[in-house]
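*Asks:* Based on the hints, put chain B in the right spot on chain A.
There are 2 protein chains.
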Amino acid sequence: MELYSGYINKLIEELSSLPGIGNKSAQRLAFHLINQPEERVRRLADTLVDARSKVRYCSDCFTLTDRDTCPICANANRDHKTIMVVENPRDLAAYEKTGKYEGVYHVLHGAISPMLGIGPGDIKLKELIARLQKDVDEVIIATNSSLEGETTAMYISKLIKPTGIRVTRIASGVPVGGDLENIDEVTLLRALDGRKDL
Amino acid sequence: MELYSGYINKLIEELSSLPGIGNKSAQRLAFHLINQPEERVRRLADTLVDARSKVRYCSDCFTLTDRDTCPICANANRDHKTIMVVENPRDLAAYEKTGKYEGVYHVLHGAISPMLGIGPGDIKLKELIARLQKDVDEVIIATNSSLEGETTAMYISKLIKPTGIRVTRIASGVPVGGDLENIDEVTLLRALDGRKDL
Numbered sequence: 032m033e034l035y036s037g038y039i040n041k042l043i044e045e046l047s048s049l050p051g052i053g054n055k056s057a058q059r060l061a062f063h064l065i066n067q068p069e070e071r072v073r074r075l076a077d078t079l080v081d082a083r084s085k086v087r088y089c090s091d092c093f094t095l096t097d098r099d100t101c102p103i104c105a106n107a108n109r110d111h112k113t114i115m116v117v118e119n120p121r122d123l124a125a126y127e128k129t130g131k132y133e134g135v136y137h138v139l140h141g142a143i144s145p146m147l148g149i150g151p152g153d154i155k156l157k158e159l160i161a162r163l164q165k166d167v168d169e170v171i172i173a174t175n176s177s178l179e180g181e182t183t184a185m186y187i188s189k190l191i192k193p194t195g196i197r198v199t200r201i202a203s204g205v206p207v208g209g210d211l212e213n214i215d216e217v218t219l220l221r222a223l224d225g226r227k228d229l
Numbered sequence: 032m033e034l035y036s037g038y039i040n041k042l043i044e045e046l047s048s049l050p051g052i053g054n055k056s057a058q059r060l061a062f063h064l065i066n067q068p069e070e071r072v073r074r075l076a077d078t079l080v081d082a083r084s085k086v087r088y089c090s091d092c093f094t095l096t097d098r099d100t101c102p103i104c105a106n107a108n109r110d111h112k113t114i115m116v117v118e119n120p121r122d123l124a125a126y127e128k129t130g131k132y133e134g135v136y137h138v139l140h141g142a143i144s145p146m147l148g149i150g151p152g153d154i155k156l157k158e159l160i161a162r163l164q165k166d167v168d169e170v171i172i173a174t175n176s177s178l179e180g181e182t183t184a185m186y187i188s189k190l191i192k193p194t195g196i197r198v199t200r201i202a203s204g205v206p207v208g209g210d211l212e213n214i215d216e217v218t219l220l221r222a223l224d225g226r227k228d229l
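Sequence order for the protein chains is A and B.
Once you know that position 121 of the first sequence is 152 in our numbering, the rest is easy, because the numbers rise by one and skip nothing.
Once you know that position 84 of the second sequence is 115 in our numbering, the rest is easy, because the numbers rise by one and skip nothing.
Read the hints as simulated data drawn from the structure, not as lab findings.
Careful, some of the hints might be misleading.
[Unchecked claim] So the derived list for chain B, only partly shown, Cβ under 8 Å to chain A, looks like this:
#, residue
1, Ser36
2, Tyr38
3, Ile39
4, Leu49
5, Gly51
6, Ser56
7, Arg59
8, Leu60
9, Phe62
10, Ile65
11, Thr78
12, Val80
13, Ser84
14, Lys85
15, Thr94
C-beta atoms are modelled at their ideal positions from N, C-alpha and C, and glycine is treated no differently.
Next comes chain A alone, as it looks inside the complex (with noise of 0.2 Å):
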């Protein structure tokens, strides 16, 4: 039976199918936005559709952009023959929060997960590999402290090892099992300068 409206209904259909939203929050979500002026739900759909279609990857770093490089690859005063390896943007954000790294960033967009069936293939590391063909003097792994990022971490470094580019992993400052997102940046800047030769 159809309690409020189809609409509704609807709405809290989409809403409870994001991460993190369950069933009750969707509803509350749904009420929350129809008792919203016309206006400000109108401008939410915008922008949700507006940030859909035009942010795609940095042709660089392949972080998200709506440029076809970054600010961060498109600043000059950035250095640019050290990059840091990240699993996503949100650790990109992470890292940049300190406001202390001045390198660049690769954004690989997942790490390998043979238990989830992601092999090297399936993120951005062909695409580090081209990177290194330009004047580059390290290579800093910052992927999570999981088994995914320590499995990700060995395989890049055995990859890069051969080319005598530095390579080096941020140090143990992270708990392990955490991810980078959830840390001070206290820690991060630890771990950063404690980062030792793989």
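*Replies:* Here is chain B on its own, set in the frame of chain A:
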């Protein structure tokens, strides 16, 4: 400094202004949405706008519906002489889910709260009184058992008593301070059975 893209920042900002969604959840949602197929995001956006623009109040009970009269008020098999007064459509949904209540509803869209400056004129109270012109046997007050809900119940009971119509309050099977929508169906039914005259 714009880390990702103005479009993503705007999306994160819009999302984090929703109730129960903090900055971290908003980031997670934004990145999730950007990785969804464009068609999926467009559907969510359309659903949002549709729900907001097509949903309105039932002209009888003031619950949310996309018709002039909601399916419950339009149902001739329901007992239109018994009106259950609830604070919001989610509370209506909670009782409706028990499948045992045969009467109709009246949705106040709030409760009297001197603390928040919400007076009797700010909720659908005069609309309730207007409905009593028709043939009504009983008004069951099912506002939450919070301070505001109790205040509202007392106020309504004093308004209706002089008309001679029976006014009841759902029993205190509902834990004090709890919200109707979070309570199991058995407790909701016990509270309905144990209702007493005010």
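*Asks:* Now tell me if each hint is right for this structure.
*Replies:* Hint check results:
| no. | hint | result |
| --- | --- | --- |
| 1 | Ser36 | holds (4 Å) |
| 2 | Tyr38 | holds (4 Å) |
| 3 | Ile39 | holds (6 Å) |
| 4 | Leu49 | holds (6 Å) |
| 5 | Gly51 | holds (6 Å) |
| 6 | Ser56 | holds (6 Å) |
| 7 | Arg59 | holds (6 Å) |
| 8 | Leu60 | holds (6 Å) |
| 9 | Phe62 | holds (7 Å) |
| 10 | Ile65 | holds (5 Å) |
| 11 | Thr78 | holds (5 Å) |
| 12 | Val80 | holds (5 Å) |
| 13 | Ser84 | holds (6 Å) |
| 14 | Lys85 | holds (5 Å) |
| 15 | Thr94 | holds (7 Å) |
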